[in-house]
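> Could you use the hints to bring the two separately framed chains together as a complex?
The residues making up each chain are set out below.
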Amino acid sequence: MKKYLLTLTTVLWLCAAFAQNDKYTNAMLPKIALLDSNNSVDEWKSLSNAFERIADAEKTKWEPYYYASFCMVTAGSRAMPTDGSMGDNTKISDPYADKAEQLLDKASALSKDNSEIYCVSKMIHSLRMRGNPMARYMTEGAKASEALEKAKKLNPYNPRVYILEGEDKYYTPEQYGGDKDEAKKLFEKAKDLFSIDKAITPTEPQWGQGLVWYFLSQYK
Amino acid sequence: MKRIVFLIPVLLLSTYLLSQTTISGTITDHKKQPVAGASVTIKDSYDGATTDSLGRFSFTTFEKGTQTLVVTNIGFVSEEQTISLAGEAMTLNIEMKQKITELSAVVLSAGSFEASDRKRATAVLDPIDIVTTASANGEITGALKTLPGTQQVGEQEGLFVRGGTAAETKTFIDGTLVNNFFYSSVPNIAQFSRFSPFLFKGTVFSTGGYSALYGQALSSALILESIDLPERSSANVGLSVLSANAGLQHLAKNKKSSWGVNYSYTDLSLAFAVIKQRQDYSRVPRVHNFDANFRFKTSPTGMVKYYGYVSNNKLGFTVSSIDSLGYLDKFAIANTNIYHNLSWKENLHHRWKIHIGLSYSNNKDDINSGLQDQQKNDVVLTGLEFKNFGIKTKGNYFNARLVLEKKFKGLTALRFGTEYNYSKDHLVFTDYNGQPYTNNISENLNALFAESDIYVTNDLAIKTGLRAEYASLLKKYNLAPRLSLAYKLGKHTQASLAYGIFYQNPEKKYLPSPNMLDFMKATHYILQFQKVANQQSFRVEMFYKKYQHLVKTDATQNTQFAINNNGFGDAKGIEFFWRDKKTIKNLDYWISYSYLDTKRDFLNFPYAITPNFAAKHTASIVAKKFIEPIKLNLNIAYNFASGRPYYDIQYDGSQYKFTDRGTVPSYNNVSFALNYLPFIGKKNATVFPVYVLQVSNIFNFKQTYGYQYSYNGARKEAIVPTSRMFVFIGAFISFGTDRSDEVINNGL
Chain A
8 MKKYLLTLTT VLWLCAAFAQ NDKYTNAMLP KIALLDSNNS VDEWKSLSNA FERIADAEKT
68 KWEPYYYASF CMVTAGSRAM PTDGSMGDNT KISDPYADKA EQLLDKASAL SKDNSEIYCV
128 SKMIHSLRMR GNPMARYMTE GAKASEALEK AKKLNPYNPR VYILEGEDKY YTPEQYGGDK
188 DEAKKLFEKA KDLFSIDKAI TPTEPQWGQG LVWYFLSQYK
Chain B
846 MKRIVFLIPV LLLSTYLLSQ TTISGTITDH KKQPVAGASV TIKDSYDGAT TDSLGRFSFT
906 TFEKGTQTLV VTNIGFVSEE QTISLAGEAM TLNIEMKQKI TELSAVVLSA GSFEASDRKR
966 ATAVLDPIDI VTTASANGEI TGALKTLPGT QQVGEQEGLF VRGGTAAETK TFIDGTLVNN
1026 FFYSSVPNIA QFSRFSPFLF KGTVFSTGGY SALYGQALSS ALILESIDLP ERSSANVGLS
1086 VLSANAGLQH LAKNKKSSWG VNYSYTDLSL AFAVIKQRQD YSRVPRVHNF DANFRFKTSP
1146 TGMVKYYGYV SNNKLGFTVS SIDSLGYLDK FAIANTNIYH NLSWKENLHH RWKIHIGLSY
1206 SNNKDDINSG LQDQQKNDVV LTGLEFKNFG IKTKGNYFNA RLVLEKKFKG LTALRFGTEY
1266 NYSKDHLVFT DYNGQPYTNN ISENLNALFA ESDIYVTNDL AIKTGLRAEY ASLLKKYNLA
1326 PRLSLAYKLG KHTQASLAYG IFYQNPEKKY LPSPNMLDFM KATHYILQFQ KVANQQSFRV
1386 EMFYKKYQHL VKTDATQNTQ FAINNNGFGD AKGIEFFWRD KKTIKNLDYW ISYSYLDTKR
1446 DFLNFPYAIT PNFAAKHTAS IVAKKFIEPI KLNLNIAYNF ASGRPYYDIQ YDGSQYKFTD
1506 RGTVPSYNNV SFALNYLPFI GKKNATVFPV YVLQVSNIFN FKQTYGYQYS YNGARKEAIV
1566 PTSRMFVFIG AFISFGTDRS DEVINNGL
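Chains as they are written, first to last, in the numbering used here: chain A, 8 to 227; chain B, 846 to 1593.
Here chain B stands alone, though its shape is the one from the complex (with noise of 0.2 Å):
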């Protein structure tokens, strides 16, 4: 009995010892290739190990029966097998396959550029480049024409893409259209657009082969993502040589909540005091700007976003009038526009998403024009009545937009829906002895797009799309397919390839047309090669540009309008994009440049030609370096675009003709920018100081953009700069930690 009492404890640990198993084994990835730093884990037990540098894996455990095994690894998809512990030692090979997150997928990235905090291939900016960029003045536009495809047109405001207009690059804010991004424009002086830089958290620049959830836009999409809640409450103040502002962002205790309101007014009377412009200003520029905003969670993945804006300017100049001399050429503007935006993001169950946008805006034009004597009496003279005129323009805008999206295994995801664009344009033109003639416009467009990404592997992409549109001013439908491709080369390299047809309604500025109208269409074909590593990018892309059915125009009584849809043309190019943030420490620079061979018949062109916006080769250098010691930002830019055409084309009676042609000298600016900002390092810092000094054209560089002719042909004159240089100066204060969170929540 004693020794029964005896074995029992004796037996029980003898089992105890026998059982052990030891596990060892190799885990691999899908190449064959071992995987460190994986976990083997015998499932709800202590037991398991982590692989070596070769995959291996050994470790011993007291568990039997049937176990599950399960392997783990940042990158990897979790491997479960099931095993059966029997004492015996055991080796098990397996293999994990990778996770396509992304961090490690290959990036659809022919004809894309972002800029965002994103970690992909195609954001090549970060955010505050934006902000940051020497020769962008602040201004969205303004940093992307120092990016590869774009051109350094300074007579006019928008984006010219790869041999296209500046009507055909459209802009999105959170998805719906934007129909007036820039300020009414005004002859020969490029307006700035009306939206902050700091609204927006990402920026995506296609310059061809954008996806099909855009469309209406022949060359290029600028996609815009508005930012979210704020980190915090703050309030901020700016005072520079053109303006003041003031503004206030408040956060929500529950940090689930904000709004905010800003106003600003841009009164340049100072700036052109000092900085002689070449019109004589009889009304300063004064823009008064307020814009509010609102965002709330509808649950931790939903958020609502709200932007408003109004806003009023006007002006007025006066210049030598080139078609009569002695006398001057009068134009004044009043705008007055008004913006909405409301966004809706969620995430609905079994990985759907849903996205709501919805925009408004209202624009008021009052444009004045005629001839003044030098004593600045309106005159209308004999055979130049022409030159008086008024327009009033009224324009409403209506956008939405539907997307559904749906997230299937790793990045592989399905987006569909709907668009709908509503504009109704108003406009009187008085003539010089005050007989108005009318104009409306409506239009309604109807959109449906579907897109699929399929990530095959995390080394190849495949996005497929079709757009189809009616157009009820064409009485039209189209159908736009697109596709793009992109594999993985190496670890750092990729190539892709774009294809896509892209339409656009003809510009309303041309219409009514006494003819029925066609979409305008171009196709794109671009390829990519990239390669992203160790802070350094770089990119070439080739590009095939077709365009068919451009718009034809013809005139009367000086107004041009469309008659038909038989303009073609095609762009073709090669571009280089270079950006290194290692090789120097604390100097980050990129270099790009543009080969661009481009032809077109549109408008009133007698023949295919390179049209007056496209310059043969472009390229920019753009530096920043900061100096730590004394919180400086140094930045420089460097905009280089050669001679671009430039002619007259004249009616004979019979048939359009040139009858001057040439070619203007090559473009060349150097802008530079210093910002210091006292407070970074400063811990605990209530108020964050940034001073700003800018100056453009610093080397005084002669600048001509192109030439205009006086109406019969027979003089003409050189289109530049306002000013040779532009010198800025600004203090802009943000007051905003905790401390002063409770300032402004108390003082509210």
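Next comes chain A alone, as it looks inside the complex (with noise of 0.2 Å):
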């Protein structure tokens, strides 16, 4: 009884002490869980803001300021008419690119040529671009390459890059360079990555293997 009881309070001891160092990565892994489906605009937004929430409070961790800037730049192209115009939407993609931006200028501020924060970088650029596609393809459609050139520059091995490259490819229509064959290899190499791909701690970005999966599904 008296070994019983001892262990039972090292064991609770051990719990809130743990508790504490783990407080973080439970509050950040079901969020994590959550990346990989279809969410609505508002489930996006809402799950920036949790992430957000966990970035302002642990203040050093770049992957919280990440995650939540990539929530709002996918929340944003959710929010996006799907109408196909070349119009100026402006007013609905800059709004969640510049709230998506500003979260990622934290997370790069602790964390310097990171490939995944190119790679977001990249997203929120396309978004822009799609507010206006006519007047913003020399210069936001430019920038975008340009994150993704550096962000596959940084890690050649970062299946994520080539997702984001391989959905431009599929989307946009053949006479502007699109090419739904050549998409199909660049996911391929993703999912190839990922099965190589070893998160070294369960916070860092492994999300896309749920995007590959729909994009080679639609092959068949």
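Please note that a few of the clues may not be correct.
Stated by the list, open to error - Listed next, the in silico SDA-like pairs over lysine to any residue satisfying Cα-Cα at most 20 Å (straight line): (1) B:1100 / A:153; (2) A:66 / B:908; (3) B:1320 / B:1263; (4) A:150 / B:1077; (5) A:150 / B:1579; (6) B:1430 / A:181; (7) B:1476 / A:186; (8) B:1336 / A:88; (9) B:888 / A:34; (10) B:1100 / A:145; (11) B:1190 / B:1261; (12) B:944 / B:1172; (13) B:909 / A:31; (14) A:119 / A:207; (15) B:1366 / B:1413; (16) B:1427 / A:88; (17) A:176 / B:1531; (18) B:909 / A:214; (19) A:98 / B:1425; (20) A:98 / B:1380; (21) B:1336 / A:181; (22) B:1100 / A:112; (23) A:157 / B:1076; (24) B:1376 / A:97; (25) B:1336 / A:96; (26) B:1470 / A:139; (27) A:98 / B:1363; (28) B:1354 / B:1425; (29) B:1321 / B:1379; (30) B:1254 / A:181; (31) B:1376 / A:96; (32) A:187 / A:226; (33) B:1427 / A:96; (34) B:1502 / B:1556; (35) B:1561 / B:1259; (36) A:176 / B:1524; (37) B:1101 / A:63; (38) B:1444 / B:1491; (39) A:98 / B:959; (40) B:1100 / A:187.
No wet-lab data here; the hints were simulated from the structure.
Here you go:
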């Protein structure tokens, strides 16, 4: 009984201590698990808010800012009209892009030359471009490719680089340089990289497998 | 003891559980409407929630004691509230204030059109529209002539706005006045503006009621903002039936500075050989243009920009003389123009901003006019000696400007500053027997101005301004108040009004005057309604403009000079603008219509009449369609103007009288342009060629701008375009991506 009690006490104490250390991971993991699901605009915004809360509380970790930015830019992408109009939608795209950029700036201040951060930067520029493709093709479009190049240069084994590249190839009409076959190769490359890509910590970016699965399933 | 040991963690655990607090509530805006998607957080904790579509939130927290609750959302000002957590559930209802931003706030839009990437309601045009409007011929003012308020005047350059003369519109580049925006005038042929539309990222065209930061324009201000650092290094070449050009733009590796040079040579020989001109050219227009620029960042927010331009052009032609049958009227001009513009913009501490602009220009014209016989020998005819003359002008112009801006909360701002314009015009007139007459006019104009933008809420904005000027030439002061107000009526609609007094010095071509003159004066009243939603914009504007102290002239030896400021006039009208990018996929079009009722008594008019540059009805339809699969951009423009009045005024020895009057037929023009952009869609393209085919007046409409009269008034002749139709073919190629960057960088 004595031994049992002692063990219980130790376990309880340990739990409390551990809870303090692992509070961050425990808060992050369930949210990270949602990143590969098909969320609504409001859900993405709410996820972004949740990551931002953690980020602001922790202050020294780049991941929550990164995720907050990723969720915000994704919310923006989903909020864009899908009627294929080439007109001015900057009133929709820019508030999301501005907020996402604010969050990403905080992430990159904490982690320089990070391939993952450049991937999200690419997404933000792409969102801005979609706000007014005719007027921003030359500026934001160029910045988006530049960010993606940088992401690839920093980590050629980052599967998300190829997902973003593939996505562009997939959705761009053929006369603008889109190519679904080339896109497929890129998604397959990402899929291969996922099988060898082992995250060191559970909070490191791992999203994208769902997207790869989705795109590859479109070819069947 | 054992029990106590056992109890400690249990107690700890229970207090832990007990201190959990549930916080719930609703977030609303100032109109009590729920705010969805707002983030509610306990500062420096993980705990919080996002509001649902009804603005509701609820979460639990283990934090205790005094904490700060933070509410944030896109488009709103963050709210903080101190709360005390004691384990009891709390309900909080918090009201958020909307952030006043350019995106959400009402826009002071009365009398103003903007072509820029800024997301404002006045931005009815994109910068690219200036270049792709079919009737614009790649010229800035050409595109603006498809907007309401402007006239289709083809015999003379310039923007004629709401019953005003071309001289009543002034152009500013990066804040400072441009003295010779157009190439020097040639009789009955409208000249182009000197500056490429690609130099500018933003264009604000005011058809009235413009800001107190600008002055000396009775009708309109065209405010151009030059581009910042280029996105990348590039090189470009162009070849067309009219000209050849080449240029380089180099961006430093650190992307903090750039420089560039361009040269173009225009020679109309080829075009004129194919398209017959009304004029018989002895010297086909040839233009050399050279420009250079540099731009560098002085800080993350500061930038210095320089643009310099040198141009030389010559032309000469004859037309059948209207004054003497069988003879020819000769006109020849040589022009050299130098323009420098230097500006500095910087954000200072505490939301202060400084903007300094300097510009210097020098313009030389050498005009030779006279009569020739059929063999093209110069002749002097008795009674028509005045037709043989030479004019040499030299103008030196310096403009400086300083503006300080302080931003307050939201978009509310205060601006003030000073402007100085110096001009010195030297003219030598040589008559038929070589007798020279000189005329020197120098002028100093000093201005002080202040303006405040007050955003009361997102829905109401007021701009008040005051401008004071002193003109050394007139030895007079003026004080010009300006006011503009905008109110948001609904989510997409707004109403605005503008009022202002505008002064302008008498035009130098009527000086010197034997009498002391005063400023000319115009008072504007503008009322506007605008709806911008879903890729569609609609605006209707009504205006009344009152002219006072216009210059009246008298003439001796065919030279008009100002005698007094007794001229007057008014202009009123209603204008409509509709742009739609939505209804038909990939088709973008706009329609503008203006009704103008204006009369004025100025220059040598016997009494107030509608001047010959004002048509009652003007309309334009511009359509652009991009055909994706073949990468072809189709542009078409139709311009219409009802017949303008024409008249001949003669002095009968005691007074000026109309000896003939009438109305010219209405004006119709359909222009068409094709742009082929084969690079679109090619990723990693290194070459960006644009092929252009442009035809003006494709339906070969007969166009008459007006009539000119012989000296004795006995003969009249229609003023018509130099050719019925014009065709332009060209290729413009730009090189520049990451790879060619290296080629260029290494090559330099």
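> Which numbered hints does this structure break?
Per hint list: 12, 18, 21, 27, 28, 29, 30, 35, 37 and 40 violated.
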